[in-house]
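Sequential numbering from 1 applies to the sequence shown in the numbering used here.
No wet-lab data here; the hints were simulated from the structure.
Some hints could be false.
Estimated spans, in silico, between C-beta atoms of each pair [as the list claims (entries may be wrong)]:
1) Glu343 x Ser385: 24 to 32 Å
2) Val416 x Leu26: 52 to 60 Å
3) Gln62 x Leu184: 17 to 25 Å
4) Leu325 x Thr135: 40 to 48 Å
5) Trp123 x Trp17: 14 to 22 Å
6) Ser385 x Trp246: 26 to 34 Å
7) Trp123 x Val317: 26 to 34 Å
8) Gln370 x Trp246: 20 to 28 Å
9) Val33 x Trp246: 40 to 48 Å
10) Phe425 x Ser449: 21 to 29 Å
11) Cys99 x Phe425: 41 to 49 Å
12) Trp123 x Glu343: 34 to 42 Å
13) Thr278 x Val44: 31 to 39 Å
14) Cys99 x Leu400: 52 to 60 Å
Glycine residues also receive a C-beta, built at the ideal position from the N, C-alpha and C atoms.
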Amino acid sequence: MTATVLNLAQTAPEAVWLSIDLPTWLMRGLVFVLGTICGSFVNVCVHRLPRYPHGEFWPALQGLWTPPSSCPRCRSPIPWHDNIPVLGWLLLRGRCRKCKMAISPQYPLVELGNGLLLLLLYWLEVPLGRHAALTGSCLYSELGPQNLPGLGPLTPEVWIHLRFLYHVVLMEALLAASLIDLRLMIIPDPVTLPALAVGVAGGAIVGRLNIVPVWFQEPRLARELRLLLPEWLTGPLKDGAGVPDWIAGHPHLHGLAVSLAGLMVGAGMVWMVRMVGTWILQREAMGDGDVVLMGMVGSFVGWQPVLVAFFLAPVAVFVVYVVRLLLRAVLLITRTPPQIREEIPYGPYLALGTLATLLSWDRLGPWAEQRVFGLGPVLLLLGASGVVLFAALLASLQLLKRALGWPVGPPTVEGVWTAADQTHFFAGEQVDRFTNRWRRPDDWPGIASGRGTLHEERWRLRGP
Numbered sequence: 001m002t003a004t005v006l007n008l009a010q011t012a013p014e015a016v017w018l019s020i021d022l023p024t025w026l027m028r029g030l031v032f033v034l035g036t037i038c039g040s041f042v043n044v045c046v047h048r049l050p051r052y053p054h055g056e057f058w059p060a061l062q063g064l065w066t067p068p069s070s071c072p073r074c075r076s077p078i079p080w081h082d083n084i085p086v087l088g089w090l091l092l093r094g095r096c097r098k099c100k101m102a103i104s105p106q107y108p109l110v111e112l113g114n115g116l117l118l119l120l121l122y123w124l125e126v127p128l129g130r131h132a133a134l135t136g137s138c139l140y141s142e143l144g145p146q147n148l149p150g151l152g153p154l155t156p157e158v159w160i161h162l163r164f165l166y167h168v169v170l171m172e173a174l175l176a177a178s179l180i181d182l183r184l185m186i187i188p189d190p191v192t193l194p195a196l197a198v199g200v201a202g203g204a205i206v207g208r209l210n211i212v213p214v215w216f217q218e219p220r221l222a223r224e225l226r227l228l229l230p231e232w233l234t235g236p237l238k239d240g241a242g243v244p245d246w247i248a249g250h251p252h253l254h255g256l257a258v259s260l261a262g263l264m265v266g267a268g269m270v271w272m273v274r275m276v277g278t279w280i281l282q283r284e285a286m287g288d289g290d291v292v293l294m295g296m297v298g299s300f301v302g303w304q305p306v307l308v309a310f311f312l313a314p315v316a317v318f319v320v321y322v323v324r325l326l327l328r329a330v331l332l333i334t335r336t337p338p339q340i341r342e343e344i345p346y347g348p349y350l351a352l353g354t355l356a357t358l359l360s361w362d363r364l365g366p367w368a369e370q371r372v373f374g375l376g377p378v379l380l381l382l383g384a385s386g387v388v389l390f391a392a393l394l395a396s397l398q399l400l401k402r403a404l405g406w407p408v409g410p411p412t413v414e415g416v417w418t419a420a421d422q423t424h425f426f427a428g429e430q431v432d433r434f435t436n437r438w439r440r441p442d443d444w445p446g447i448a449s450g451r452g453t454l455h456e457e458r459w460r461l462r463g464p
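The whole structure should be built from the sequences, with the hints applied where relevant.
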């Protein structure tokens, strides 16, 4: 395999322009409407997919359209005009048309929030105007598809909208998975696997939906590393640098490679953290759903952005964890027993990290491309070192908890004395219904029959 350095002088960033004649307000308004419609479908996914246990993949997907939507109380079908996103709920004043049962405000809030989410993504990802530069996109990169492998038969306007719709599928899957994870602490496979298939198929069919190439090296950093590292480690960097030639010659194969590499790195990275964390913390560190979720994200964005998204997610977790510690301290001061769940759903934080990566790649990308992802084979060494440091950090935290007297390992679940336990206790204490009272020969035998002691009482009365 030969490699070549991408000559950016031949393809300047200003050489790719967008010319969209439709008014800006109309395009963004259509995107908002599309977002509310997709939000209505997300509501259906959130409420219907968790009804099916793991393993029932196809029945769960079929449950999205059968049976038709109806009121859970009166079972009356919901007409199409009541299903209009946001407006339908407002016109009904949040109640069923037939039985006046209250409808949860979650439905319009998800529809409205999804419309705003897609509007924000479109606003930053697609520059609008008659003469808009592609450099205004939040996903712009000098190594992007507009330069390598080139847009081919696609016009810049069609290509950038195809990539936007491609990312819409990713955002809808992340939103549905996050809402389910927040409510039930699970991420069902019917949410992530269909989107993962779209990510791989779309990347291969279009071939130009990636953000950066699947592989590239920075020549200057390679020369610097050869001065600092031993020869046996920098040997692979001597033969060439830049971007491999086959990427420009085989765009569809490259698109498939980007998706598959992102899938393996995203899922493999979370799986590695899950295994190491479970081994050291003596409890499940991350769920299987998080593994599939990041594999899905990687199939859309590639392995480099999925790494950035994974490392941005703990920032949000850190903020939430600090708030939880402060809340626990306040509860301890007021002598109120803290009722704080130790486990947190990690899917929403992975989704936030992915969204932050997409919206800020034009600022994060150049630094990451030059200083991190351009290192070539040295990244393998850095990855292995990161796993060792992660394990050492977790072990140090466990030792610190032991020194402070904090519980280590899975929490002990204290039993709760319920009404059924109380009834069972008294039934065991008073097996004989004549305890503490005289026997009466006219007692109704149905009581003893219901207790299952009729024959025993007759035997006791007759004697042996």
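Evaluated hints:
1. Glu343 x Ser385: 24 to 32 Å: Roughly 29 Å apart at Cβ, these two residues keep to the hinted range, so it holds.
2. Val416 x Leu26: 52 to 60 Å: 58 Å, holds
3. Gln62 x Leu184: 17 to 25 Å: Given about 20 Å between the Cβ atoms, the range holds.
4. Leu325 x Thr135: 40 to 48 Å: 43 Å, holds
5. Trp123 x Trp17: 14 to 22 Å: 19 Å, holds
6. Ser385 x Trp246: 26 to 34 Å: Because 30 Å falls inside the window, the suggested range holds.
7. Trp123 x Val317: 26 to 34 Å: Given about 27 Å between the Cβ atoms, the range holds.
8. Gln370 x Trp246: 20 to 28 Å: Since the Cβ atoms of Gln370 and Trp246 sit about 23 Å apart, the hinted range of 20 to 28 Å holds.
9. Val33 x Trp246: 40 to 48 Å: 42 Å, holds
10. Phe425 x Ser449: 21 to 29 Å: At 23 Å between Cβs, range holds.
11. Cys99 x Phe425: 41 to 49 Å: 42 Å, holds
12. Trp123 x Glu343: 34 to 42 Å: With Cβ atoms ~35 Å apart, the hint holds.
13. Thr278 x Val44: 31 to 39 Å: Check passed, 34 Å falls within 31 to 39 Å.
14. Cys99 x Leu400: 52 to 60 Å: 57 Å, holds
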